[in-house]
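2 protein chains.
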Amino acid sequence: MSTIADRVAIDLGERSYSIAIGSGLLADPATYDGLPGARSALIVSNTTVAPLYAERLRTALAGRYAQIHEVQLSDGEEHKNWQTLQQIFDTLLAQECDRKTVLYALGGGVIGDMTGFAAACYMRGVPFVQVPTTLLAQVDSSVGGKTAINHPLGKNMIGAFYQPRLVVCDLATLDTLPARELAAGLAEVIKYGPIADMALFAWLEQNMGALLARERGALAHAVKRSCEIKAAVVGADEREAGLRAILNFGHTFGHAIEAGMGYGVWLHGEGVAAGMVMAAELSRRLGLVDAAFVERLTRLIARAGLPTRGPVLDAQDNAGRYLELMRVDKKAEGGEIRFVLIDGPGKAIMRAAPDALVREVIDACCAP
Amino acid sequence: MSTIADRVAIDLGERSYSIAIGSGLLADPATYDGLPGARSALIVSNTTVAPLYAERLRTALAGRYAQIHEVQLSDGEEHKNWQTLQQIFDTLLAQECDRKTVLYALGGGVIGDMTGFAAACYMRGVPFVQVPTTLLAQVDSSVGGKTAINHPLGKNMIGAFYQPRLVVCDLATLDTLPARELAAGLAEVIKYGPIADMALFAWLEQNMGALLARERGALAHAVKRSCEIKAAVVGADEREAGLRAILNFGHTFGHAIEAGMGYGVWLHGEGVAAGMVMAAELSRRLGLVDAAFVERLTRLIARAGLPTRGPVLDAQDNAGRYLELMRVDKKAEGGEIRFVLIDGPGKAIMRAAPDALVREVIDACCAP
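Protein chains in written order, with this note's numbering: chain S, 1 to 368; chain L, 1 to 368.
Honestly, I wouldn't trust all of these hints.
Which residues of chain L face chain S? A partial, calculated answer using Cβ under 8 Å [stated by the list, open to error]:
#, residue
1, M123
2, R124
3, G159
The hints are simulated quantities; they were obtained by calculation from the structure and are not laboratory data.
Using N, Cα and C, we set each Cβ at its ideal position, and we do this for glycine too.
Bound conformation, chain S alone (with noise of 0.2 Å):
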């Protein structure tokens, strides 16, 4: 019925998990063989989504649970905040779900980020698995089991890590994605070959036409590889000590430009790549690139349809509305901010940048 094209292992001690990696597998009752029985679970969606895929997933888990409830939450990065998660912890206690219910976050990266959060919290943890239904998602938050909802004053600052049992990557979930959304999925894509691995850089710079006409080869080679990078290095810092940071370049700026035009106004993935072309030119001024390179992964961005420029946040002091933001991320220790950049291409490093230099970079990479 489905072809399992590939299965990344994420080994986690106790915590591990595999990424089952094709087309057809959400509609698949086989692909969810090996999880934790129990009475009950809950697909928690949205109403994009649901209409969509939630009766293939409901069909396809009919043999394994004795009831199987639905959510489906309001759409939109806007919406992950408390009063939409609550929505989650409502159905779950109105249907008297229990400690073994399994959720399944059928989604993008805010169903996956609320679902998990909320099955951390739940009775102080349940199982959850993620069929995530974008790209983002599938490259992105199906490793590392980063959970979080936004705070008014900052996103992602009220969470949890806590993994899936099973993460279930249906390209064919794809065909249905926005193209808008498609190109902000490759953002994180691309964003893994200047911190580790320049072959999937050229392999992008090659097949970009493939992914953007969403041929399903090209996309589980993507998929794929990014999942594997994640879990090398996730695998080395589970909870974020040092080395999985270099994960967020592109995310200091993109973080404070998602922030400063309002959550949901730029999309993730466009704030990551205009955030990576300002990560690159900042290491650039710092003598860690050349031009060559960030003209090379400027150009990527493009094509891939993708912003290479910061929106102006502040018509009056644009770099100090950048630096107020990026200041209040959790990255930032005590005030100062720790920029993930690239020191030659193919690796991160981690580091402060004096004011000024910064202001420069700001200046230089915004619009107009």
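The hints should help you fit chain L onto chain S, whose structure is shown.
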């Protein structure tokens, strides 16, 4: 300046910590030696405890952090909810607290549970220290890493397992504890007897007067033995897979009482006290203990000034209401209630019981 009467080591691998037990510890800067360094700390307390002890704690910590922030929550179980928790997050973010900021929980179990849960979730985890100022918190929540908030449909339904870095049991803080709360704490001390240690039970029968008179030596012994017993149980079962559940002796009925009366009407320890009598009576009707044991337990509970009978929650169908409330308890699985029963004094077991028998026990054990 202070006397550390005892230290109980909680051995949980890389999450190990110790419980310091003594008089005057709270105000002694040396108490906090060995904690991870940070730029800032946040003291979380409530409007009852803060006026008594917050300034002393702040002074003791002054040499340790550049900034010490404070937040005072409303006092009481009825405020153990998301809205109150949000005040902690609001303060942390407004003060630009970072990933190393240490949270200090200064107060009883509600403050400890909420501060611990906030620490578990803020930026996906920051360190926290418990400074329990009630006997209940000193003997119960100082071991086990359980943190949570309540949901309108159930107590402690949303939370995390998250360990403190240090617990400071300052016996001097018990001087200001209302008598009713001292008694409520004694309920949890008494609990350790039937489930694990009848020598402690016999000691309590001898020393109840000294405890009620708040003699420091007696209190130190009660706190230490309670922490040791709980640590032994939790050490064998950190995430409550099985054994640990015996610590919930009296809690299944007790939670139903608390929820049925409305949180805060009966104190947690009062619910547990009446709940222990009910669980002991259920054990007797199942042939596990004799009437003399139930009588002995009931007498000790009464001597501590605690209720030995449950309240009537529903004039029409009281037993039905208890059963309904117990079925939504976290310990229920698939709607089946798992009771902690006494299988001979000093030994607890988990098992289900026929509804009809549970109804008989409720009818026999509730006022009037």
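Inset, instruction - Give me the numbers of the hints this structure contradicts, sorted from smallest to largest. - result: none
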